[in-house]
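Participant: Whenever a hint applies, use it, and build me the whole structure from the sequences.
Chains as they are written, first to last, in our numbering: chain A, 1 to 292; chain B, 1001 to 1222.
Treat the hints as calculated values from the structure; they're not laboratory data.
Mixed in with the good hints, there may be bad ones.
[Unchecked claim] Listed next, the stretches of chain A that the computed footprint assigns to chain B, with coverage defined by at least 3 CB atoms under 8 angstroms from CB atoms of chain B:
no., segment
1, 45–59
2, 84–98
3, 161–167
Note that the Cβ used here is the ideal one computed from N, Cα and C, for glycine as well.
Chain by chain, the residues run as shown.
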Amino acid sequence: MGQLVCENLTKQYGKKQVLDGIDLTIEQGKIYGLIGRNGAGKTTLLSILTAQNPATGGTVTYDGMPVWENREALDHLCFSRELNTLSVLGPNTIKVKEYLRMARTYYPNWDVGMEKRLVEQFGLDVKKKISKMSKGMLSMVTIIVALASKAQITILDEPVAGLDVVAREDFYRLILEEHEATGRTFVISTHIIEEAANVFGEVIFLKDGKIILKEDTQALLERAVHVSGLAEEVDSACAHLTVHHTEMIGRSKGVTVLLEEGQSLADGYDVTVQPVSLQNLFVALCGREASE
Amino acid sequence: MKMNGLTRSLRYAGFRAGRVLGTAILMSFGFVLYFTLIAGEAFSMQNLVSRLPETVLFIGALMFMIYGMLDLVTYTQLTLSYGSTRKDAMISVIYMDLLQIVGMLFVVYLIFTFAPAAWMPMGTLEACALAQNIFFIASSIAMINGMLIYRFGKIAYYIFTFLAAVISGAVAGFTTFMGKMSVLGNVFRIGGLSMSDLIGVVLFVTVSVICWLFIRKIEVRV
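Facilitator: Next comes the structure, spelled out in structure tokens:
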């Protein structure tokens, strides 16, 4: 049972800074949601954490051991990537059974029983080529690899992309059951934030290659509020607070505020205070307006 | 008992090499069967058996070039995405190539050992020397192409396909020619082997070193 720690991680492609001084600790036994806009650096971060890609700078360790080229550390990690129907040579003609055969060989704790059970549950045709599969089916393959790997720290990149709502519910249930039964750590990168919010113990917001927030989901939602009312009233109520997102409709105004410890809205103003969903909080912190 | 990382890599590499080898052997015999069928009344056992060496060399070289290229472009990427170290991935690529070469050489050896000597264009040792040279060169070209395809994408693939056709034709012509003119011109011949027989091995070792430098920095783009 170990921690995955990265310190001052940087990644540069040519002149483009994709990751910029990331410090992150993935603790054992939690489910993390990694949330960021397209191009924020999520996949790059995850692939460096699992030594699939080299970092430009910084260190990544598992249980104190460097992850790079370290078999002992890598045996505890699984990064189940999104599968691509195209390879560099054209359509990806590798069959599902070949993917699973490789995974079975490479992951030291592979659970064959779970693999078979999930293949049956998802109704996957393992003889099918990757290029002939739908987006949802590809997601199912990545989910099977992630769960059956039995790796201590399992990372999934966009696992629910293309899955219908029933399959998504099945996925969240499987993750929670596995987490409860084994105490494995999961890091899930996703754009479907709202329905996954209940699954994540902690959320990590990544923006422009930097981690802008890492916090317990419940605690975060408790201190995030949406304040609305007449513009002057809202401004006065939030005068001493950091406002993250503003909407104006005529003379009315709505703002999203993250209350720090000991902070509260100023009393005596006619404003409506409502809780903020994780998705709206993400938009407030990482949306276009937040960047300006 | 749990296997260590390298053993797991070698296990899968062995399976993959076996599959390539099996396909190459089946295809070789398939081609010979085809030649037999189109020979019609001109068919003779000598004609059939004497076609085996060049067919095995031609198909073997072609398969090694195709799969060797794919190994670098897809296999290495997949193994790395499944948590293999770069060192294990490189060792398993070399292991795969060597298994395939040794397997095909064994087929060449069997053909030349059991076929009547009078039907064969050369002796067993010369045949094996020639075959290993061709296979090592083919595997080296495949590795170079794999690296080029990773770097430049499909353009390199099209160039490779053209080169593979030209080289395969040249190999086929070369082996037929050698069958008539004896092996490798007896240049620098030492005890039945020539210095030129080592060209393939030297090229393979050189390309392997370059390939290791390439795999060390490779980015997974599955």
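Participant: Hint by hint, say whether it matches the structure.
Facilitator: To see whether the hints hold, each was checked on the structure:
1. Figure legend: the segment 45–59 of chain A, annotated as covered by chain B; annotation consistent (6 residues with Cβ-Cβ distances under 8 angstroms, at least 3 required).
2. Restraint check on the segment 84–98 of chain A versus chain B: 6 residues with Cβ-Cβ distances below 8 angstroms, three needed, restraint holds.
3. As drawn, the segment 161–167 of chain A meets chain B at 0 residues by the rule of a beta-carbon pair under 8 angstroms; below three, the given contact is violated.
Violation of the numbered hints given earlier is confined to hint 3; every other hint is satisfied by the structure.
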